[in-house]
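Asks: Now for the letters of each chain:
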Amino acid sequence: MDLQTLWFILIALLFINFFVLEGFDFGVGILLPFMSGDDRERRTVINTIGPFWDGNEMWLISAGGAMFAVFPKWYATLFSGFYLMLILMLVALLFRGVAFEFRSKHESQAWRSFWDWSIFGGSAVPALLWGIAIANFMRGVPIDSSMNDTGGLLNLLNPYALLCGVTSFLIFTLHGAIFLALKTSAALKEKAMSLARKLWAPATLLCIIFMVCTVTETDLYLRLGINPGTVPVFSVLALFSVIFMLKKNAAGWAFAMTTVAIAFSTITIFIGLYPRVLVSSLNQAWSLTIYNSSSSLYSLGIMSIVAMIFIPIIMIYQGWSFWVFRQRVTVDSELEY
Amino acid sequence: MDTLFLARSQFAFTSIFHFFFIPLTLGLSIFTAILETAYVKTGNEKYKHLTKFWGTLFLINFAVGVVTGIVMEFQFGMNWSAYSRFVGDIVGVPLAIETLFAFFIESTFIGIWVFGWNKLPKALHAASIWIVALGSTLSAFWILVANSFMQSPVGYKIAANGSQAEMVDFFALLFNPSLWKQFPHVLAGGVVTAGFLVIAVSSWHLGRGTKERNAFETSLKFGAIYAFIGTMLVVLAGHAQMQNLLTTQPMKVAAAEALWESENPASFSLFTIGDEKGLKDVFSIRVPGMLSFLAYNTFEGEVKGIKNLQKEYAVQYGPGNYIPSIVTAYWSFRFMVGAGTLMLFVSLLALYKVIKENYTFSPMVGALLFWSLLLPWIANTSGWILAEMGRQPWIVFGLLKTEKGVTPASVVSSSELIFSLAVFVVIYAALAGTDFFLLKKYASAGIETAE
Chain A
1 MDLQTLWFIL IALLFINFFV LEGFDFGVGI LLPFMSGDDR ERRTVINTIG
51 PFWDGNEMWL ISAGGAMFAV FPKWYATLFS GFYLMLILML VALLFRGVAF
101 EFRSKHESQA WRSFWDWSIF GGSAVPALLW GIAIANFMRG VPIDSSMNDT
151 GGLLNLLNPY ALLCGVTSFL IFTLHGAIFL ALKTSAALKE KAMSLARKLW
201 APATLLCIIF MVCTVTETDL YLRLGINPGT VPVFSVLALF SVIFMLKKNA
251 AGWAFAMTTV AIAFSTITIF IGLYPRVLVS SLNQAWSLTI YNSSSSLYSL
301 GIMSIVAMIF IPIIMIYQGW SFWVFRQRVT VDSELEY
Chain B
1 MDTLFLARSQ FAFTSIFHFF FIPLTLGLSI FTAILETAYV KTGNEKYKHL
51 TKFWGTLFLI NFAVGVVTGI VMEFQFGMNW SAYSRFVGDI VGVPLAIETL
101 FAFFIESTFI GIWVFGWNKL PKALHAASIW IVALGSTLSA FWILVANSFM
151 QSPVGYKIAA NGSQAEMVDF FALLFNPSLW KQFPHVLAGG VVTAGFLVIA
201 VSSWHLGRGT KERNAFETSL KFGAIYAFIG TMLVVLAGHA QMQNLLTTQP
251 MKVAAAEALW ESENPASFSL FTIGDEKGLK DVFSIRVPGM LSFLAYNTFE
301 GEVKGIKNLQ KEYAVQYGPG NYIPSIVTAY WSFRFMVGAG TLMLFVSLLA
351 LYKVIKENYT FSPMVGALLF WSLLLPWIAN TSGWILAEMG RQPWIVFGLL
401 KTEKGVTPAS VVSSSELIFS LAVFVVIYAA LAGTDFFLLK KYASAGIETA
451 E
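Chains as they are written, first to last, in my numbering: chain A, 1 to 337; chain B, 1 to 451.
No lab work stands behind these hints, which were simulated from the structure alone. This one's a predicted model, so the numbers in the text were calculated from it and none came from an experiment. Keep in mind that a hint or two might mislead.
Far from chain A, some chain B residues (derived; all Cβ distances over 12 Å) [unchecked claim]:
#1 20
#2 93
#3 102
#4 104
#5 157
#6 171
#7 217
#8 276
#9 316
#10 381
#11 410
#12 438
Examples of chain B residues lying across from chain A (beta carbon under 7 Å, computed) [what the hints assert, rightly or not]:
#13 67
#14 70
#15 72
#16 166
#17 411
Listed below are the simulated EDC-like cross-link pairs for lysine to aspartate or glutamate, each with C-alpha atoms no more than 20 Å apart in a straight line [to be verified]:
#18 B:52 - A:336
#19 A:105 - B:448
#20 B:304 - B:275
#21 A:105 - B:435
Ideal Cβ positions, reconstructed from N, Cα and C, are used throughout, including at glycine.
All chains should be modelled from the sequences, with the hints used to inform the complete structure.
Replies: This is the structure in structure tokens:
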């Protein structure tokens, strides 16, 4: 295996961790205004992700940083080509990041309500935009011979991509609802469970529609072949199984299944792209691949050593932090946010 | 308006704003860690109260530093795609290592520290804020690896087809002489920023007769020592950095001094009004030999002038204008050095008060100690303006001009840039106002509220 392929896998891993981990805290943020009107209960909801959200978001930041280092042309084309969409996402993340810290530091009702809706918007917008972005990776954007994507915002907002956006929004919301069922108790837990049960059907339905549209909109199925392998199949089966776990009140298992569904569908998409990273809709030869967008072998080597050392260490200390804060958060807990 | 101007304005605005918060994060994380260590060692509750008080201010500041940092990381690809393609192979590496090695531990352990007060043993909890401080410091280090490459490129070659610069020696980047002048300077700048804030807030509370007198006396004592150490280091590191610039970017030094012609011995400008087009003085007071002394620690030695360097560069790099905005370089240098000199006096005054254990201030001294909190911000900001504007017309010195690094207008148009710049200006202004409101609220409320 060459270093470009290794890094393709590592970037996929960074995105999987991002979607799985930040996925649930996006979901919690989206559900926040609908979980309860009571301030103490809302604080409880926020505190379930309090110790984690910042670390979770780091998977996105490190994916961006790693793309810059190992696939600079991918980074440059993607970030400039998706300009307005990224501005919108940055604005969302700006509001969301400070909202957690600021919200409970002032008593006023209007203040808290403003920051609650900032958490909602700051979570909902990226949850939508990531679906839109991923769909466009596969469907293709007008990349010319000098690697510039001149398509602009409207080109990204095609029906297929919007469908993927709504799908990712619903999947993350479902994932977040199940996380809340795991981390809260009493009334909040009941509420989260009932929301999860209601969210499952539309999320699954949209997933199926999205998969069908993928046949005509992309070359994913052509590339995967008649026998797609176990990964996409498991991803679908995992999503189907969620409702049975929820009916049995097995929130832990349901969470494991949404995790599998998100991780395996991300893998499916990356397998479908390989070795391309951004498809050109103008000319297949102008697509960005891991080879024409990569750094020199020397830089790839340095980055590989760094990643092999630090990614496992990160996963260990993040895992430890999930262990330290494993208890359910209740309205009687000491709330920091 | 052309996209180059707009992209530069946006980068300047977002990075200056980002750096309002970063020095305080650097300095206050270490300061908070010191206080919590004192608590663990002595068991004295006073230190715990102080840890929580300064920790709360740290967190309010930290949040804005983090979110504005994400904008910086994305902006290279968004607005500077040609630059990213050309030097991503080199500059991308330290930035990626920064996220994996530094930003990650900072972001994970900040959560552990905030939420872990009753869940972790005391020593482990104190260790987690030290890890956050270490993360912030390493984060600054790796970003400066990238920046010092842009100031003074090392360890690279240009690819055979000329399309990109490639790294050939990672360790040359790590041992870049510019880095080891810049990093201590930035880190000490962080210590100073936190030190002066601590002095200001503590003396303000003492001045108005707080009930928490004992705690704020301790706070002032720690703050005065911290600020004094930081100021000494920042001056020494700054001096070393300026000497290093004489070899790496003599044009920046010449512009900062409005030194038109090469001089030996070279004079130091106290006050100059220059004619930037004609490249000559309109009015100037200069100290003979002083610049040579600052440059070489002796009163002789040639310092090259702007006109001579322009001629040299035109030969070396081809025809073009290699002179940065002199008025910007000259005055940002004076603001930085001026603020630094004032800080030296104020930190000595604070240290004197603390050594004498005299915690009552005349209104004049009280006001001086308080308003001096602005000085580090003036110095930090003008220092970076000098570093970045003084490097122009280069984005990577000697390798790539700024105008060649910008994203083509066919990809990101000027109207898109006007829109994004307007969005950032509005949101950042609101963010600054909100953050200031909270910092003021918690700083003035005293220790009990922070609990």
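Asks: All hints are to be evaluated individually against the structure, with a verdict given for each.
Replies: Here's how the hints hold up against the structure:
1. 20: Nearest chain A Cβ is 14 Å from residue 20 of chain B, so the label holds.
2. 93: Contrary to the label, residue 93 of chain B does not stay out of reach of chain A, its closest Cβ about 5 Å off (not over 12 Å).
3. 102: The claim breaks: residue 102 of chain B does not keep its Cβ more than 12 Å from every Cβ of chain A (closest is about 10 Å).
4. 104: 5 Å, violated
5. 157: 9 Å, violated
6. 171: Incorrect as stated: the minimum Cβ-Cβ distance to chain A is 10 Å, not above 12 Å.
7. 217: 27 Å, holds
8. 276: 34 Å, holds
9. 316: 26 Å, holds
10. 381: About 21 Å separates residue 381 of chain B from the closest Cβ of chain A, which puts it past 12 Å; holds.
11. 410: 5 Å, violated
12. 438: Since the minimum Cβ distance to chain A is about 6 Å, residue 438 of chain B lies within 12 Å and the statement is violated.
13. 67: Since chain A brings a Cβ to about 4 Å from residue 67 of chain B, closer than 7 Å, the hint holds.
14. 70: 6 Å, holds
15. 72: 10 Å, violated
16. 166: Holds - the Cβ of residue 166 of chain B comes within 7 Å of chain A, reaching about 4 Å at its closest.
17. 411: 5 Å, holds
18. B:52 - A:336: 12 Å, holds
19. A:105 - B:448: Holds, at about 14 Å.
20. B:304 - B:275: The given pair, whose Cα atoms are some 18 Å apart, holds under the 20 Å limit.
21. A:105 - B:435: Distance ~11 Å between residue 105 of chain A and residue 435 of chain B Cα, so the pair holds.
Going down the numbered hints, you'll see the structure goes against 2, 3, 4, 5, 6, 11, 12, 15, while the others check out.
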